[in-house]
Each structure stands twice: as C-alpha cells, then as structure tokens.
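**Q** Each chain, written out:
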Amino acid sequence: MKEEKVYIVDYELISPIAIGRAQIHTALQNDVCGESKIESFDTRGLYFRTAAEIKTDLLPFYKHKETIIQETCSLDRKFELTVACTEMAKERFKSYTDQVAQDRKGVILGIGTDVVKLMVFQHDLMDFALEGLNPYKELIFKHNDSNRMLNKMWNPFDIHPIYVAESFDCGAFQHSILTACTSSTQAFSKSFDAIRVGQADLVVTGGTDSIINALAICSFGKLGVIPETDELESRSCLVFDKNRKGTLAGEAAGLMVLVSESTVESQKLTPLAEVVACGNSLDGYKITAPNPSGTYMRKALERTLKQSKIELTDIDYIQAHGTGTRQNDNIELDGISEFFGDHAKDVLISSTKDRHGHAIAAAGVQELSILTNCMEHDFLPSNMNMNTPIYEDMNLIKENMNQHITYGLNQNFAFGGVNSTVLLKNTRT
Amino acid sequence: MKPFIKDFVYVLPEEYETLHLSKLANETGSFSKFTNDPKHPFHPKRSDSKIMRADVIASIIKLSEFFERLGIREEEHLDMSLYIANACFLEETNRYIERINKILDTFTIEDKESQAKVLYKYLPPLSALETLNNSTMSFVAQYLNIHGNNSTYGTSSYSSYMVFHAGINDILLKQANHVLLGGSNVACSYSGLYNWNKFPEHQGWKESSCASYLLLQNHAESALAQISTWKTNDLVPSLIHKPKYPDFKQFFKELEPIDQLVYSGAYQDSDHERMQEALDGIAPEMFSCFDTFGNMGSSNMSMNVCKAVELIQADKAERVGALDYDLFGRVSYLEIQAVKP
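Chains H and A, in that order, give the protein sequences. At position 31 of the first sequence (counting the first as 1) the number is 31 in our numbering, and the numbers step up by one without a gap. At position 300 of the second sequence (counting the first as 1) the number is 300 in our numbering, and the numbers step up by one without a gap.
A few of these clues could be false.
[To be verified] Calculated pairs, EDC-like style, for lysine to aspartate or glutamate (alpha carbon to alpha carbon, straight line, at most 20 Å):
id, chain 1, residue 1, chain 2, residue 2
1, A, K231, H, E131
2, H, K398, H, D378
3, A, K253, H, D103
4, H, K55, H, E66
5, A, K198, H, E4
6, A, K2, H, D378
7, H, K306, A, E130
8, H, K222, A, D48
9, A, K242, H, E71
10, A, K242, H, D145
11, A, K174, H, E3
12, H, K286, A, E130
13, A, K244, H, E4
Honestly, the hints are just simulated from the structure, not real lab data.
Starting from the given sequences, assemble the full structure and let the hints guide the process.
**A** Encoded structure:
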C-alpha cells in the first residue's frame, strides 16, 4: 500500500488572543495575554476570578443562520464557538473543499464535555420544583421541542462534526473524539491516518471547548489544577516557572484543512506545512495523575520519530503542552530531557498556554494552528510569564525570537494518561 | 492486509432486560454481579471503582479474564492499540439530577457570594474525573497494561463503527499488530433525555446496557474470522432536517452476497419493523440485535460483529454482514468472513 503524504493547506482559529488566523502573528509578537476578569458568569464568592475568555461578540458570525442554530449557540458555548469558527472559515475553506468529491472528504473533531447553563433557567427550574415536578427533566422537555435533530440544550457530541460536515459537504465520515486535553490533537492524528491510508483526500479537523463556566472552573479548582485568582490577576499562568501555581482556564475553536499530496498536485495548492508524523500512547497508570516516570510520554515521542524517519537532532522547536501545573511541567521537561539527550539543551521549547489559557479539547488545534503560523512567519513565541525557569540548562525560550523552524513538534497530554504528539515540517524549507 | 479477528468478549446485564426509556425514565441496576463483588480477583481497586461506572467495572473484569484466557503476553500489550466508543458519561442520571436539585436550593439565597460558596461546597471533589470522557479507555489501559495508539469516540451508535475505522487503519498502516476495540453502553435516561423529542413519545426509547470488545490482529494464525469489507453510506448528515430513510437495497448492490446479516440501529418497535422490511431479502438469514437486546448505542457495531463471529464459529455462515444505522441516518457496514485454512 502506497501511503499518501499529508499537508496543511489552511486553518482558522477563534482564541482568546486572536479572532481569526490573520490576527495570530500580531498577537504573539505583541505578547497579547487573554487573561482577565471572567465576564460570562458571576464569580462573586468563588476563589477563581480570571480566565482566558473570548470577549468578542460571536453572534455576527452566525446571525444569518436558522433560529434553532442561533438558539443552541446562545445556550451552548462550545457549539457557538464551532459555528462561529466554521462561518469565519467558510469562504476560504470552500475553495479547497468544493474541489473534492463528497465521499472523499471527512471531518474529525475533538470535543469537550457538555455543560448546561443552569443559571439562565433559574426561574424555570424554580417553577417546576414548586409544582412538584422533576425540574431538570421538565426543563429539557420544555426547551427541546424543536422536532429537529438539534436540541436547544443538552446535545450529543456529534453535533459539532455534523455542523462542519454540512458546511463543507463532507460525506466520507464525521467523527467526534473525546480524549479531554488531547482530543483535537488526536483528531488531527486520526485525520492524518485517514488520508495516509487513502480513505479520504481531504479532512477538516480541529476541535472546540470551553471550561469557562462555574461547574468546570470549580471542578478543576478542586483538583488543584486552576489556582485561586483575584479579578485583577493578569499573569497567573507561570508555565515552566519554579513558582507556577496552576493553569489558566481557556476556550477556543479551531479548524484545519488537511489534504493528500495528490490533492495538492491536482489542485495546484501551496501547502503551509507537511504533517510528517503523529504518535500516541497511554500511560495506563492512574486516572488522576500522569506517570511520573514519563515512560509513555517518551513512547509517544519515540513513535513519532520512528514514523518520521528523521533524526532527533533535526527537530528545531517543541510547542510544549506546558500547562503551568506543578505536575505537568516537570514531567514534560524531564521526558524531553531524557528523550532528546544531548539535543535537549539545544532544542527550543515554549508553551503558549500562558497567553491563551488551556482550551482542553481545543488545546491541540489551538497550538497546532499557532505552530503552523509560527512556521509561516519564522517566529517563535517565548514562555511569556517565566521568570525563574525550572531548568536553566534547557532552551526554554525567554524572549520572542525571529527564527526559521524546519521541524516543529507539538505535544499534548490528557487526564487519564493520554499522550499525543504531532510533527510538522515547514514547506518553505 | 485485511485485519483478522483473534477473539471477542461481551457482557450483558445478568438479569437481562431492555429498558423502555421515555419521559418517565427509570435507571438500570445492570452489571450488579460485577459491581457487587469486590473480592473478584480482577475487581478494580476501591479508590478507582468509586469513580467508575458499572460498565467500566464490568469491562475491566471481563477483559482481564479475556486476556488471561487468550494467554496474551505482556509484550503484546505494550504496543496494542485501544479504541473505545462511549455514549454515556453519567451512569445514574437521577443522581446527577439530584445534584442539580441541590443547586436549586441555593437559588433562594439572595446574597450571591454566599450562594457561590454553598455551590462550591456541594460540588464533589472528583466531579471532573467522574465525567471524564476517556475514563473507560484510561481505566482499561491501566488495568490491562495497554500503552499503544488510542482514542475514545462518541456518542451516537455510529461511534461503534468509528472504532473499527481507527483499528483497521492501524493494521493497514502497520502501526499495531494487535488492536483492542469495542464499546460500552449504559442504559439510563441520558439518551432518552437527549432524544425524546425525535421519536413518538408513547413508544419511548428501547435501550440496553452492554459492553462488547474484539481483539484484531494483523495475521491469520489462530484467528476466528477476518474483516473483509468496511463501508458507510457516505451521508452528509443534517442538524436541521430529519434523515431520509436509507435505501438499504441500493447500499447492498455494490456488495458481495452474504449468508447472514446481523443488524442494529432501531430505537423502538415501529422503527425496528420498518428496518426489517427495508432489509428484507438482503441475506437468506437475518439476526436483529435490537430484537434481542434493544439499542446498545455505542456498543451496537461491536456487538453485531461479536454475533457475526459466533455464527461463523457455529458453522452457520461463512460470510456475515454487520450493519448499523444511527440516529442521523448514517449506515455503517462491516463484512466478516470465515478464515480459509
């Protein structure tokens, strides 16, 4: 079987630091930080007051859509992000997708857990309770009355890839991947496989998530992943710093267009990057913590390198998972150090989560979009809030750099011990 | 190289019943044989089982027995791929609703700060992990020592086909010699609440708990069967319009004749009758998983394939089709063949 090469030809991103691909480079150059006081819900009385929230009103992107789409968007932040990102990308992406037959293009997205905005329905819920009814069930019965495949509240995860598939007429497959912080990295990796094996010529991949709601922020806070912040905090996420306290809650949606080499040739496309290899592994250790030995994090790197057929020393830059949590950052750097050996002191490393926060299921697509953007602009972002690096003998980027990258590696890790890496090659090399 | 099926395992509630879920949904007490037996040699640790759904506990115990029976060597686990389809992340919807009802109590607190503090106190410390989407996969990996390529798919029954899609790709791309794949489903009011408005309410939603897994391998030695064809109807589903009923006869026109068809996808009796009629004549013999088990959600396709292999093993057929039809109109199909000596 001849394996197809795979290329990124376009991407779109809605992030706390950039609304659209065109804004990413300027935001990185200017050290734009998305952290600010949470505005989407009332944080009075909570210990967590800041997050990397997308403040832009997204309604203009979808106000022309059917009422049921608009209503669902108003109640489901993740769906709103998916719809807005798709609508932003639509015209540009269609120039690629329209050239490929329906049964040769698919969608694979990484999606986060659903949360219903209970506070919005406070009065409804109280009324049902006073009538002696089961309030939550009655709420669903009242609002999900559209007789459509889409509910106003509480939808299956499938709605995201189906919305994207409908927008770009993708019939080959529509998959939703649910592996927490590695969801969209794995969606990317499975899209890569689907093209390599010849199941599709084009895949729209990416993901969406938001953890900026009281339930998620308090849940992560109770696990010690998110630090306590007051509303004036603007630089709480100290990635790779000895004094780090936790990550920054975020939200994002991103889409990328992957195509086969034969599609690049037949459509005379100019790819932005080649997808060289992807590697996944499972810690199989504990649901609550990564394996401290980093053995299977390195296994994902090993699988990526083996598939790529390049030398370890060819890798110029690692876009790290770098969450700013006590556990992740140490284990990740130790794993890189052990895997890269002597090259660990040379390979450039940064994480951009201190700028845009942790978008959980959308972390991978946000960071892969940034990595692709950095390759386009010969730019490397610093670990912006790092003052006292965990390790002085590793090349943790302290200041933004203008530098060409040939091979850039992205890695993401998830609760439950899922490790995923992606290796990209700059096509301008 | 088309993938081979080394073996399979499935687990159904011991007191088997399908649940008719409607507005007045009841929870299931399924898999209690597994959850109530902490002394079982493969029962997960208490600290883990506290945040496991019953289908996860049942999966771990059955898969541990399965690996022991097959005598799978430790080194074969390390690079084994693992693909799981999950539908439900809350086992007891009623318990979740009770928590929400507790939140309602705080609505009477006028001071916002005090309200938030009470809410924070109510929140269980491990709630983020309880609802972790990939918990089945991660727990199975932990207890079976699996460290390979992986993913968790959700949520309609189409996800039970997605795991085959991923597993087959791993074999074709030589990324794994062995792939463990399957799905688990908990029958509770979760999917009833998702979907009550899409179907005639008086019939409810007939669903059952199930967990079914298969082990794929890249070689024929000691294999029970082979996956010879995989195909979907290439539908672009819609969120606005209800799907047109698939033309199954057209779908099968391009496929090789089969001896038997194992099928799933119906949600209620009338839907099942319609499916039976539409599939009439596709194969000389038919086996409806819905008729026997009800809808098994994300376990549909893996259970169909388990049944197909059982038929081949019993010499009742040489070539069996496994077909599923999901809520959005997506048809997925796998053809299972006997392994020729």
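**Q** Which of the stated hints cannot be reconciled with the structure, identified by number in ascending sequence?
**A** 1, 4, 5, 6, 7 and 13
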